[in-house]
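S.K.: So the protein sequences, as listed, match chains V and B. Our numbering numbers the first residue of the first sequence as 1 and each following residue consecutively. Our numbering numbers the first residue of the second sequence as 1001 and each following residue consecutively.
Keep in mind that the hints were calculated from the coordinates and are not lab data. For every residue, glycine included, the Cβ atom is placed at its ideal position computed from N, Cα and C. It cannot be assumed that every hint is accurate.
[What the hints assert, rightly or not] Straight-line alpha carbon distances no greater than 27 angstroms define the calculated DSSO-like cross-link-like pairs of lysine-lysine that follow: (1) V:K68 x V:K100; (2) V:K100 x B:K1009; (3) B:K1014 x V:K42; (4) B:K1014 x V:K37; (5) V:K105 x B:K1009.
[As the list claims (entries may be wrong)] Partner residues are not named here, just some residues of chain V that face chain B (Cβ under 7 angstroms, in silico): (6) A29; (7) Y32; (8) R43; (9) P44; (10) L46; (11) P93; (12) K100; (13) F103; (14) G104; (15) K105.
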Amino acid sequence: GENVEQHPSTLSVQEGDSAVIKCTYSDSASNYFPWYKQELGKRPQLIIDIRSNVGEKKDQRIAVTLNKTAKHFSLHITETQPEDSAVYFCAAPTQGGSEKLVFGKGMKLTVNP
Amino acid sequence: NAGVTQTPKFQVLKTGQSMTLQCAQDMNHEYMSWYRQDPGMGLRLIHYSVGAGITDQGEVPNGYNVSRSTTEDFPLRLLSAAPSQTSVYFCASSYSLSNQPQHFGDGTRLSIL
Chain V
1 GENVEQHPST LSVQEGDSAV IKCTYSDSAS NYFPWYKQEL GKRPQLIIDI
51 RSNVGEKKDQ RIAVTLNKTA KHFSLHITET QPEDSAVYFC AAPTQGGSEK
101 LVFGKGMKLT VNP
Chain B
1001 NAGVTQTPKF QVLKTGQSMT LQCAQDMNHE YMSWYRQDPG MGLRLIHYSV
1051 GAGITDQGEV PNGYNVSRST TEDFPLRLLS AAPSQTSVYF CASSYSLSNQ
1101 PQHFGDGTRL SIL
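So that you can see chain V by itself, here it is in the shape it has in the complex (with noise of 0.2 angstroms):
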């Protein structure tokens, strides 16, 4: 089955600075690799998401890059803000896409002002 490892658990920067969340998956079949944002007590919700047929994905400040070969995707977020602290979650569909989404077991973004 697949297996998604998150890394850094924790990251804290200044606000502005640039932040990096990157995750490696092992089912080489996935084809659909989202990112969620879950505030202190809220849902988790779906910031950018990107297929593997594509290489790289922005949406203003966010982006999402991925590595087919070496299993690995991960988001980028640029001139980071106080409201941009929060977890992050990155997931990863077994059996080539299919019924069962992985996830990570997050990483806590803290921006300090």
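Chain V is fixed; fit chain B onto it per the hints.
M.R.: Here is chain B on its own, set in the frame of chain V:
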């Protein structure tokens, strides 16, 4: 649309009691799933359903039952609650399968004494 609605938001049970966590969605999504979230463990899949009448096990199914009699509802049952089931439970839905954006409910915080 209300999205994904979970009830109750909080519950305290005694060991051995049973209860049902409710989940309903009004987006006509085929795929629904239940996760539990424990500190440092990310989101772990309990059970999922790819459509009415079809359910299957996730990573941590022991101690939980589910059913899917309608497209809208996907209740999670604890038959005999144990302290190890103390957790935050999230229900999620998506248009189809796991390789689509997941819409999460607000969660149920469950404590087993």
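S.K.: Under the criterion that the straight-line Cα-Cα distance not exceed 27 angstroms, is the pair K100 of chain V, K1009 of chain B satisfied?
M.R.: holds, 25 angstroms
S.K.: With a cut-off of 7 angstroms, does the beta carbon of P44 of chain V approach a beta carbon of chain B closely enough for the hint to hold?
M.R.: Since the shortest Cβ distance to chain B is 5 angstroms, the answer is holds.
S.K.: Was the hint right that F103 of chain V lines chain B, CB cutoff 7 angstroms?
M.R.: At about 4 angstroms, which falls below the 7 angstroms cut-off, the nearest Cβ of chain B leaves the hint on F103 of chain V intact, so it holds.
S.K.: Straight-line Cα separation of K105 of chain V and K1009 of chain B no greater than 27 angstroms?
M.R.: Holds: K105 of chain V and K1009 of chain B sit about 23 angstroms apart, inside 27 angstroms.
S.K.: Going by Cβ atoms only, is L46 of chain V closer than 7 angstroms to chain B?
M.R.: Holds: closest Cβ of chain B sits about 5 angstroms from L46 of chain V, inside 7 angstroms.
S.K.: Would the hint on G104 of chain V stand, with a C-beta cut-off of 7 angstroms toward chain B?
M.R.: holds, 6 angstroms
S.K.: Classify the hint on Y32 of chain V as holds or violated, based on whether any CB of chain B lies nearer than 7 angstroms to its CB.
M.R.: It holds, given that the least Cβ distance between Y32 of chain V and chain B is near 4 angstroms, below 7 angstroms.
S.K.: Measure nothing beyond the straight line between the CA atoms of K68 of chain V and K100 of chain V; if it is 27 angstroms or shorter, mark the hint as holding.
M.R.: holds, 19 angstroms
S.K.: Taking only the CA atoms, is the gap from K1014 of chain B to K37 of chain V under or equal to 27 angstroms?
M.R.: Cα-Cα ~33 angstroms, so violated.
S.K.: Under 7 angstroms is the threshold here; is the Cβ of K100 of chain V close enough to any Cβ of chain B for the hint to stand?
M.R.: K100 of chain V check passes; min Cβ-Cβ to chain B is 6 angstroms, inside 7 angstroms.
S.K.: Min Cβ distance, R43 of chain V to chain B: is it shorter than 7 angstroms?
M.R.: holds, 4 angstroms
S.K.: Are P93 of chain V and chain B close enough, Cβ to Cβ, to be under 7 angstroms, as the hint says?
M.R.: Result: holds, 4 angstroms to nearest chain B Cβ.
The structure does not agree with the numbered hints 4 and 6 stated previously, though it agrees with the rest.
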